[in-house]
Amino acid sequence: MKLRAVRLAECGRFTAPVALEGLSGRLDILAEPNEFGKSTLLKAVRFALTVRHTSTANEIKTLVPYGGGAPLIEIDFDCGDQRWRLRKRFMAQRKAELTALDTGATLRGEEAEARLAALLGGENGKSQLPLLWVAQGETLKPLAVGDDARPLLDIAIAQEMRAIAGGSDTRRMTEVVRSRLLELETSKGRPKKWGRYHLALQAVDNLTGQLDDASRRIAAAQKQRDALATLREREATLRHPEHRRKLEVDLATARKAIAEAADAAARLAAARSDRERELAAVASARGELDRLDRGLATEARLQDELGIISALHQETTTALEALRPRAVDAAALCGSIRSAVADAERDLDTARRGHLMRQLKEQHAVAATRLTDARDLDAARASSAAEAARIPATEALLAEVRRDQTTMELLSARLSASAASLIIQYLPGQDGRVRIAGTSLANDARHELSAPTEVEIEGIGRLTIVPGGATDLADVRKKLSDLQDRLAKTLARAACGSFDALAEATARRNSLVTTARELAARLDGLTPRGLGALEAEVATLAGQIAATADGSTTLPIGTVADCEAALVAVKVRLAAAEANATALASKVQSLERDDVRTSAEAAGLKRRLDELRPELPARDGLATHRATLAGRFTEAQARLDEAEWQVAISAPRAPDAAGLTAMKRSEETALSAIRGLDLELSRLETEAAGVEGGLRAAGHDDSEAVAGALTERLADARDELARVEDEVAGLMLLDQEIKAIEADVRDRYQAPVLERLQPYLEMVLPGGALTLDGTLKPTGLTRSSTAEPIEKLSDGTREQIAVLGRLAFARLLADAGHDVPLILDDALVFSDDDRLGAMFQALHQASTAHQVIVLTCRMRAFDGLAGTRIAMRPWRPD
Amino acid sequence: MALTFVHTADWQLGKSFGFLPDDQGVVLQRARDEIVERVAGIAHQAGAPLAVVAGDVFDGEDPPEVRVRQILTRLAGAAPLTWHLLPGNHDPARAGGIWDTVRRIGVPANVHLHLTPSTAEIVPGYHLLPAPLVAKSSSSDPTLWMDAAATPEGHVRVGLAHGSIQGFGSLGEASVYIDPARARRAGLAYLALGDWHGLKEIAPSTWYSGTPEPDSFADNDPGHVLVVTLDGGPARVTPVASGQFRWLSREIKAERLTDLARLEADIAATPDTVRNWLVELRLTGRLPASALGNIEARLQVLSGRLFALRTDRRGLRLGTSQDDIGALGSAFARQIAERLKPVIDGADETAARRASRALELLIAIDGELSERQAT
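Protein sequences, first through last, are from chains A and B. For the first sequence, our numbering assigns the number 108 to the initial residue and increments by one for each residue that follows. For the second sequence, our numbering assigns the number 427 to the initial residue and increments by one for each residue that follows.
Bound-form chain A, shown alone:
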């Protein structure tokens, strides 16, 4: 289909009839400013082709001019091999006429509408037209092929594909599969609450829980029965007669053993008593015998000891008598040597004092000499200082005078410099006629005039000579005068008449001061601590000398060393003598002690002998007495042996306390066992009754049968769950297959569109690749391996993609023989110049396959778009 002309009357701002004629059917461009009515034009074309003339929809009213009217739209178009003219009027005097311009045949009203629809490809064809007509501001709206536009595209695409899958069948199948799946599972893959899957799972869980409960009850009952069986077994064992009989036998045995033990104990006690008695008898006999023997032995021993002690005493006495004299001699020798030691010490002391005296005297002489020298130096220093003090001329005064003189010279020089010079040279006979302040000036004499000076010239008059730079000369002179006064005063203070005298006096004063300092330094070297300290030192030494002399006038015979050596020698002798004397004295003391001791011991021994002898039998009856005592002992020993024997044979038969206790314990144990048996039987009966009661109380709930039934029901529930899970798996598999088929179809479905789109895309976005969704809406752009979502692209790029997409659709339709004009109303407003140029290229390329109509207000920017420029002209509808 190609539009060839559009004519409007009473449409929007086009109240007067206008026409766009001469559309080429390829690239037609209407470039007019804003508010020209380009959008009205597009709207009018859309209404004329897609809206019935009888429609009263509100959108029709938007075409009515402000002042009212009935929109009239006429379109010349080529479709198939014919050119048609469609004329429609809306609102008032509605009509529709469709004329085949070649034949002139005209259809009107519904016939015209029907024929028009047929030409446009049916209702579906009509509804898809707006897909390719982009109104102003709509470029950036998402481009999506809706269901109503799909069929025509489908048909177009179908020609590219061998087979199309599904369509409505696909959708219905998909819906059913997915809805069935959602009945069983949520979209997150969990069983849908209260759905069959959920219920099947719940059933399994519930039955499992019930079976677990039943199993627990069975196990509990089982446990109780096992416990009961154990109790019954135990009871049967304990009730066996043999069991009780055994316990009674044990008791009788224990009692018999106790009786026997008691008898044995009594016999043992008697035997022990006898043994004790005989032990005492043996001990008594033994004692007498021992006493006799001991007495005799003691006597003999005492005798021996007495002999030894007596001999010892004698020896001690003899030694003592020999040693005493020697001790006395040794003590005397020590006394004499001590006297010699005292003498030697006195000699040494004397020698030492003499040495000290000599040292003190030497020190005193040295100190006195130093003191004399120091006093001389001090006197000389004082003299120089006093003389220097008498000279008033100081360096300060000298410097002051020097400064003043210098200043005066400067001032004089300045005066001289400022002064004028007056030299008179008289003519012969005129000498003396020039006078200054009454003083005649000499011939050729030079007179410096530093101040204004009046020169009197006799017979002529007076000249006043004012020297140059005299403005401050008065000050200079004043200063000079002041300085001269001050100089005089300073010299007077220094008692000098002149500078030279002052200088000389100052020099002399300085020399005296220097001399005084030197003397002071020498004095310090001689007396570091001062003159007073030196005087004190000399006095101290004198005092020490006096003290050391101590009135003694005797000089020592030998030197200190000699005296010391002599003292040492005599001391050595003394030490040796004292040691000898001490040893002798000690020995004498020892002998005296021994003498006393041995004497006492001997006396003691005699006394003990005297005491012992009466206790012993007479010598002649001693043997008989001893034999008697021995016989008694032997008899007692024999009786004791017999008693021991009796104890030995009785002891094993009589248990000790521990053994008796053990026997009693055995008796108790046997008694307890019998009592325990009865108690245990009673306890077992009670416990068994309790368990039986518990079993009965738990109720005969037929747990095993219930468990059996639950097991079967659980198996069935698991089978049912497995079936449901199979169904879920089956539905998921179906869904998976459907998705796979959809993806495959989508890929194949999109291919024709992408194939058309890619060349245009390459012109504008080189290297770019677009992805589409199932509705053929662009979703992303990939450039340099980076995928960008559509919404993230710039407005310019998005509008370019939107236009290129429409170009692709239009191309696809045109290739399928269903070409439709693409109309763009100010569709490229965000594109830069380069992209705009690329888009022009694409539009131009597209126009080779189908009509492209561009409406634009950017007249200069679109100058570069090659195509047929169209313009509105007046139109006469009739």
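The set of hints was computed from the structure by calculation and includes no laboratory data. All C-beta atoms in this analysis are idealised placements derived from N, C-alpha and C, irrespective of residue type, glycine included. Hints may be right or wrong, so weigh each one.
[Claimed, not checked] Straight-line C-alpha distance at most 16 Å; calculated EDC-like pairs for lysine to aspartate or glutamate:
hint	chain 1	residue 1	chain 2	residue 2
1	A	363	A	774
2	A	295	A	774
3	A	884	A	898
4	B	562	A	774
5	A	846	B	764
6	A	678	A	454
[To be verified] Covered by chain B, according to a simulated footprint, are these stretches of chain A (three or more residues, beta-carbon under 8 Å):
hint	region
7	450 to 462
8	488 to 502
Keeping the supplied structure of chain A fixed, place chain B upon it in accordance with the hints.
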């Protein structure tokens, strides 16, 4: 003097059937309770003065007391028939167990409990050697004592035991093993066994009577009691059918649906009888998709005719031939089926089952959508 008696076992009175709805389970339970009357009837017809029950009289150790009383009342009601009851692994003779309850309630005069391994003269000249179980399992042969058990000279010895015969490869429940040669070793004229729920001759004088009322789909010929006659020669044993319900298990291969047809025919031919049939069908093999609906419908019909029908279709796979796929209504469904086909035909059993189920769902959904479109 000859003796005829009835040998039965494994009544398991009170057993529950959880896989059935409660009302149907109650019916089966009642049928089991009525074993007492049916056995008594058979004994009466055979002229047997006594019946021995070789273990598992009760299904559990703690049935409600009222039920125990009911059973005892029924047993008492069979007088003058004398019952000789042996504890089995389900009702062992142990403290606090079912037999304590029975004794506490009161043992009817015509009921004898053999709770200890000791001989008992059941009729003059005939001694019963019972081997009661005292636990659910035992590592020792409970019949061992019979070898040395003393009975008067010339008296006939009849053994009564509950357990699995060694070497039999039995599928008995009790973990208790019995020497198959016990009858010979112990000089028994007959050894009446319980635990195996099917009728089985171990030796000419050693039999399992099986349970008189079937209670599972095990194909081991249950539902009988044995009428045993001892007259000095080998024991003469006559099985007598006693079951009220029949339990059948069949595998129907999808490739041989004639088996299903045959079963349907059998069932259709005996409509009254099959009301007491419980049938378990295991469907296996490859079923054409188009046949799935038909099979479902036929199973529905069967279910209505039987007491209970259980189907196990875990081994069933849907066919993936071109005809199968071509039968689908929409191209999209066919496309999906083509994608499922290699998985269904693949070696991965789990994936194949899942894909088969997916195909089944696809067929169902496709069918629904086609119906909707048609309407």
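The hints, checked one at a time:
1. A:363 x A:774: Cα-Cα ~10 Å, so holds.
2. A:295 x A:774: Between residue 295 of chain A and residue 774 of chain A the Cα gap is close to 82 Å, so the pair fails against 16 Å, i.e. violated.
3. A:884 x A:898: Within the cut-off at roughly 12 Å; holds.
4. B:562 x A:774: violated (45 Å)
5. A:846 x B:764: This hinted pair holds, its Cα atoms lying about 15 Å apart.
6. A:678 x A:454: holds (14 Å)
7. 450 to 462: Since 0 is below three, the answer is violated.
8. 488 to 502: violated (count 0)
In this structure, the hints that do not hold are numbers 2, 4, 7 and 8, in rising order.
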